[in-house]
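Take these sequences, add in the hints, and give me the full structure.
Number of protein chains: 4
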Amino acid sequence: MSLIVEKTAGGREYKVKDMSQADFGRLEIELAEVEMPGLMACRTEFGPSQPFKGARITGSLHMTIQTAVLIETLTALGAEVRWCSCNIFSTQDHAAAAIARDSAAVFAWKGETLQEYWWCTERALDWGPGGGPDLIVDDGGDATLLIHEGVKAEEIYEKSGVLPDPSSTDNAEFQIVLTIIRDGLKSDPKRYHKMKERLVGVSEETTTGVKRLYQMQASGTLLFPAINVNDSVTKSKFDNLYGCRHSLPDGLMRATDVMIAGKVAVVCGYGDVGKGCASALKQAGARVIVTEIDPICALQALMEGLPVLTLEDVVSEADIFVTTTGNKDIIMVDHMRKMKNNAIVCNIGHFDNEIDMLGLESYPGVKRITIKPQTDRWVFPETNAGIIVLAEGRLMNLGCATGHPSFVMSCSFTNQVIAQLELWNERTSGKYEKKVYVLPKHLDEKVAALHLGKLGARLTKLSKDQADYINVPVEGPYKPAHYRY
Amino acid sequence: MSLIVEKTAGGREYKVKDMSQADFGRLEIELAEVEMPGLMACRTEFGPSQPFKGARITGSLHMTIQTAVLIETLTALGAEVRWCSCNIFSTQDHAAAAIARDSAAVFAWKGETLQEYWWCTERALDWGPGGGPDLIVDDGGDATLLIHEGVKAEEIYEKSGVLPDPSSTDNAEFQIVLTIIRDGLKSDPKRYHKMKERLVGVSEETTTGVKRLYQMQASGTLLFPAINVNDSVTKSKFDNLYGCRHSLPDGLMRATDVMIAGKVAVVCGYGDVGKGCASALKQAGARVIVTEIDPICALQALMEGLPVLTLEDVVSEADIFVTTTGNKDIIMVDHMRKMKNNAIVCNIGHFDNEIDMLGLESYPGVKRITIKPQTDRWVFPETNAGIIVLAEGRLMNLGCATGHPSFVMSCSFTNQVIAQLELWNERTSGKYEKKVYVLPKHLDEKVAALHLGKLGARLTKLSKDQADYINVPVEGPYKPAHYRY
Amino acid sequence: MSLIVEKTAGGREYKVKDMSQADFGRLEIELAEVEMPGLMACRTEFGPSQPFKGARITGSLHMTIQTAVLIETLTALGAEVRWCSCNIFSTQDHAAAAIARDSAAVFAWKGETLQEYWWCTERALDWGPGGGPDLIVDDGGDATLLIHEGVKAEEIYEKSGVLPDPSSTDNAEFQIVLTIIRDGLKSDPKRYHKMKERLVGVSEETTTGVKRLYQMQASGTLLFPAINVNDSVTKSKFDNLYGCRHSLPDGLMRATDVMIAGKVAVVCGYGDVGKGCASALKQAGARVIVTEIDPICALQALMEGLPVLTLEDVVSEADIFVTTTGNKDIIMVDHMRKMKNNAIVCNIGHFDNEIDMLGLESYPGVKRITIKPQTDRWVFPETNAGIIVLAEGRLMNLGCATGHPSFVMSCSFTNQVIAQLELWNERTSGKYEKKVYVLPKHLDEKVAALHLGKLGARLTKLSKDQADYINVPVEGPYKPAHYRY
Amino acid sequence: MSLIVEKTAGGREYKVKDMSQADFGRLEIELAEVEMPGLMACRTEFGPSQPFKGARITGSLHMTIQTAVLIETLTALGAEVRWCSCNIFSTQDHAAAAIARDSAAVFAWKGETLQEYWWCTERALDWGPGGGPDLIVDDGGDATLLIHEGVKAEEIYEKSGVLPDPSSTDNAEFQIVLTIIRDGLKSDPKRYHKMKERLVGVSEETTTGVKRLYQMQASGTLLFPAINVNDSVTKSKFDNLYGCRHSLPDGLMRATDVMIAGKVAVVCGYGDVGKGCASALKQAGARVIVTEIDPICALQALMEGLPVLTLEDVVSEADIFVTTTGNKDIIMVDHMRKMKNNAIVCNIGHFDNEIDMLGLESYPGVKRITIKPQTDRWVFPETNAGIIVLAEGRLMNLGCATGHPSFVMSCSFTNQVIAQLELWNERTSGKYEKKVYVLPKHLDEKVAALHLGKLGARLTKLSKDQADYINVPVEGPYKPAHYRY
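Here the protein sequences come in this chain order: A, B, C and D.
The numbers in the working numbering rise by one with no breaks, and the one at position 14 of the first sequence is 22.
The numbers in the working numbering rise by one with no breaks, and the one at position 276 of the second sequence is 284.
The numbers in the working numbering rise by one with no breaks, and the one at position 438 of the third sequence is 446.
The numbers in the working numbering rise by one with no breaks, and the one at position 322 of the fourth sequence is 330.
All clues given are correct.
Label pairs and their calculated CB-CB ranges:
id, chain 1, residue 1, chain 2, residue 2, range
1, C, 61, B, 477, 40 to 48 Å
2, C, 492, B, 469, 19 to 27 Å
3, D, 59, C, 381, 40 to 48 Å
4, A, 375, B, 477, 54 to 62 Å
5, A, 479, D, 136, 33 to 41 Å
6, C, 377, D, 9, 25 to 33 Å
7, A, 479, D, 59, 32 to 40 Å
8, B, 441, C, 492, 24 to 32 Å
Result set (DSSO-like, lysine-lysine): computed pairs, CA atoms no more than 27 Å apart in a straight line:
id, chain 1, residue 1, chain 2, residue 2
9, C, 462, D, 348
10, D, 487, A, 443
11, B, 375, A, 462
12, D, 442, A, 487
13, D, 346, C, 462
14, D, 25, C, 380
15, D, 469, A, 336
16, B, 487, C, 449
17, A, 25, B, 25
18, D, 336, A, 487
19, D, 25, C, 25
20, D, 290, B, 290
21, C, 487, B, 290
22, D, 118, C, 380
23, B, 202, B, 443
Which residues of chain A face chain B? A partial, calculated answer using Cβ under 8 Å:
id, residue
24, 32
25, 42
26, 250
27, 254
28, 258
29, 265
30, 266
31, 267
32, 269
33, 293
34, 349
35, 350
36, 379
37, 380
38, 410
For the record, the hints were derived by calculation from the structure and aren't laboratory data.
All C-beta atoms, glycine included, are put in the ideal place defined by N, C-alpha and C.
Structural data, given as structure tokens:
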């Protein structure tokens, strides 16, 4: 796509694939609203008082139908919003079009190049001469990263006049980041400093981003307060677990139409994501094998009847391989060479480096046959056998299907709205320092409570006497902080 | 589409949506071949002797990727083939294109009108001046029906000179059938008699078609031998059960992206199809309720923890409704009016008359909003609440997804190949009368055996002593005819 | 026990372990009645007309609490009853005591020797000078066998004066049978002929007995009509499947207290019993491996995610071995030698010859340590490793636990009552020849229907129009004979 | 039983039911050792250095076979041990006999009165003139409670000369506690102070005891350091969850033989114990309904397909009721009156006050019929309908079956051994204050690791590069403290 910002009739900026899909997007947004009771309840509860009036929110989070409902909840509460996706394949173009037309500045399309991806991120952060956003909704931490790297480069430049050097790194993506910062520095050597000054805080969606935040907190380099939404119970134990239980088979089916029953599937990692994936595959009739580094998670797998082996033990016998680890270098090209013909390899955990895509692409004589977008067969020259790689090693549920379903995203995104409100409401109180926080348990319980009615549930109420007996307030929170659910 | 037959460079007739999708179809056919070991084994075993040399086969069966592998197995064994789909939404256009270009005369596309549908059926049966096919592969019995109705009309016409009168029926589809026969009669009053004369037999794929055949056998009107493939164990207990367990959630996800976990789902009917659907929904986290007329199937549902209630009991509380009965008038417009907003209604059992589509369409003031093809929201004027109907009431796994996966279809279709071979090889022996037959158990066991290696299974072998002890041959068959599996 | 018949105050014969347990037995019988709606419905429907008035019924079927409710249903309908167990370990002594005291002549206790077992069988068949029973309820066919062998011996004796020679066979149990017949012949050379003359027929409970009956039918040696209760759908697809799903883990837990989760379990055979066992073990968290001879059942296992391998493949890795085949020589001593220390070996399929008990007992240097009754550790001298054998290789759910639960046995036993009524009512009509019959489908459906109310189910009713559409009567039966459920 | 302490030949005190069962106990202990790899590994690792040499350990924890292996692990590491059970029904008499004969001073039998129970507790704490134990292994906190109440009473007595007054409380059990303390005070007014002085600390097994400890910590009344073993991941997420998944159906089956399939079961509470129970019941074919106060746990139940309702909604329709809440007054007599005839009511969560046993016993006209020990039918006079209460409202898995299986208890008890070692090794270092501690994550991971080999698992090893990437040590611990598993 040509990287030229467009404008709506009303003057709002955007860059999406196809504005004519906005009506289709709107229809699906309306369906999703019925499935997202937490977000709709936020509109009812907070909408009238317009708490976000005056707030600029930048989001870097998969631009899907569900995210559209999140964005329109933020705008319903008074915010101005700019948005990009946090994954090159995860945008649903009809969702992007509807939001761009109706509600917010969107820069996102399915199938961005890395260059385009970072251009979109920069656009979402750029609120014009007045600087950056007040708040960030981040997923994986790329928006946060850009600001931190920008500030770092500006400091070096101020001290030493040295510009960032993209050729200083082998990492293709980081070269692009440095290029963007370098080019920005030339026009405004205080751009990211000004952003940092304005920023009230970030709420981070996922494990990977949270890990980065805790590392920055530990090293004292975190530039603004952060709320770790990922570790709300109603996020990590719902979205990661039940979301993936739903969307892993969805992605497999849409990408390959393969029968799961009877197959041998390897799930690398048995955290919340791995647990959801293993459960889905087992229930669909696959024989599931787990790989793990952590003995506790390994023992959990065993208690569910899943053998725990190493990838080497099973690489030549399995039909489906799924990475869920949040780590890198899980399935290497040397593993892939040994797999059965048409073994399926995919990632639902983290960046595309869980799978050694670089090694695969540079394997001598390897041939790539694109069956359809996000479904490639890679054929090795020695054996003429091929493996099927989904979404180029990126999150397959977003690349090959439509991500998690609305209901479970309503849990996650209600946490996001509450986190953003908390940061904004306390922006002058000093409550939040440059640290990473999780939401208090009573808010976590509130998120859950907002989702019960839709499913017809009726809670039991504690009597005062019972509450005293177990030493909790009648209205909750009901569990100690260390409770694991 | 304009109903004009096209021709390949080599002169073979066809009518498909888009010939440019043939390459894409070929890639997916090649993937499917790896998943269809039974069909590939037939090619290896029978290909060299070309048993179908000289045989004309007409197929009326969903024109999907899996069917493409079936068709090319038939041609690999020497047959000439003409094909149409048996469902207006079930064709995969890339599969049709690849077959039309490379292997057989295809008349099929996704989204036919009823008019177009019967035109395609007629084309598939029309082998030119030399008459009709030698063999039919039927699914649901429409090709068989056309011939039987044609013969009946010709007899009346011969006796009385009276032509079929389309206005004699209310059924819109049957009006089209009568029109086709009437028009045919004018040009050749013996057309269907000639077809009947040539026909060696039909092999029928599914419950609905089989029921029709047994009724014709009972009334003495069956015109040629029929093999009931549906009731091979390796068909009904695999395709119907495990196929639907796979493809029901696939269809739901592709059509609606709705989260299944937490929802209340009603499965109407607990036969093999219903069992597969209920199992899939339960495992995805839905609360499943079953409706049944048969006390035995009802008791089976209860033993699996599924409550058995009537549709009336639950119509206003459930979120998802699936019909699997093979009967008509299961979900009526009066039920639909009482459903929750955005309740999903779909059919995976039989024709679109399981759901009262006629009643819905003619409901005063009802409004249809097409979200995307095969996904319609119907809004009732009184409540302004809508329900979501999939695939216009037709088979949702074929209309909204890609049908059953290759591996399970390989079981079904290997039965088809064996049935066709049996009919053809015995065409002059008198072995088969004008009756309905099932394949003998040793062939059923053979079909299963051909699918074990792909899944890494190793069978135990009976000793002679053990075989004698349980009174079976060492090589099988191992079970009495009444065994239920 | 001394083999002397005792008598109640009222003069009825019996031999049980401990008459003081009668009150306890009565309490559990009363609980079971609430769980056995089919039998209780028979009492209500048929009790008033006393259809069995004048009928003598001999039963050879596990003398459990559930059987007690069956016996008292037969007596409530007017029958006189004599009973023995069909397994040396399956009697529940409190049930036997209650029935002996209150309702029928019982000869059964837990832990009979083989000698005692056949003495009990003979007692149950001996109605005094007037000859044998009118009807037999058999399970496994031992009562039927004794009569057939008796008649055969009497014929030989009549022709040639030669008595049966127990030393003519290696089979220890058959030696006892021949001894009993020989001793009987001396006192009455027409004893079994007289029995045969009087006998109206037998209803047989289980696969093993049914196989024997079909073999006798095939060879023309069957002496009286037989109804195959085992193959009623409401028997084989319920008792065999759901009964074992319940009672296999029950037996494992009571016998060994072993944690099933995390273990590797091998299920030999994947028929109805094997399916129930595999399901229970999988759901309890075991990794289940199946062995099979039949490719169709093997493919079913694979579709449920269970690998199919041979015993040799897994013998040294598995923790639990269960035989369900109905065949002999499944787990041989040579397998047992290679098992892990404290591997558990048990049988829930058939006679104790599924496991090579003979080979184990005669293994040089093997040591048997009885942990508790029916739980033995056998230690091999080479390795000093032991295996744990349950119920001496006999049915472990009856030997180590209390067999199947009441509700599922109500299905089986309601079939028995209906079969006995059918034989008795038609005793003079000639309807039943010396062949094996299954109950007609409408009675099978009736049995199911009698069990729905207890579980709160509500059936849907067909309209006349719908019934016509699928060509069945409104009131059923709803399925063709070949339907597999 | 007469409350007179007996002595072994070697002079060790004990009081058990039947010393002749010691051999049987020993056989089962030997079987259990094979299933408890964590404890056996502790013996191998720590046994040679005799770290507990000189330590006196008092345990108050179900005196089962598994606990026997724990006790003999403590003695193998050099400790002297005195033991009582923490539940009147949970002792396995053969286990108690074997330990009393071979290893430690045991005061425990199945079916203690409350009076006997507290006598046993006092005996276990009484190490003679030299005072009390160095360490306590507690389960539910009764040993800890007795010391805290004793110290409190002694302080009051010292200040004011006032003795505890048993009639000051309505609670029958607390009356006994006060009586014991009062009687002790008369003979030694510093008895519990001396105990407190000597005590190094307690390790507590279960949720209920842990709650008491945190309350004492909060109020500043905790007298010695405590390690919360319950909240080790390898305890609460294993024993509570997988243990109950195993032992709930075990208890139901042994107590009632009832068929679980088809029944409606209510699980009150969806914490770890409730999750295990619900999973077991669902998998056995029951329809499970959950009651909850906590919206997060409620939403988890819904995601697993379990409806969340109140007890009032379902009380008259369900067949089985299980309490797992850790709270009191869950099922009241007013609920029980409305239940179906023969509904089963049981508790697997906490004390017998989860069920209103007091209300039931004092209900006018109610009749108790003991079917067998721990299985009572209570008949209400108005309806003549009865309910079946298991284990008199106490923990049914211990009262009606044999508690959790060895393997999962090995996880829990390895934590206990490690906790006791930690307290003892640090007894003079000041590391532990009068607070409640959990074990550090690396020890938790170690416990898990010790249990993998038995189940044939193979862990994947992190490379240094991967470990750095996710910022953890190569050897673990692998997760942040807040991780929920």
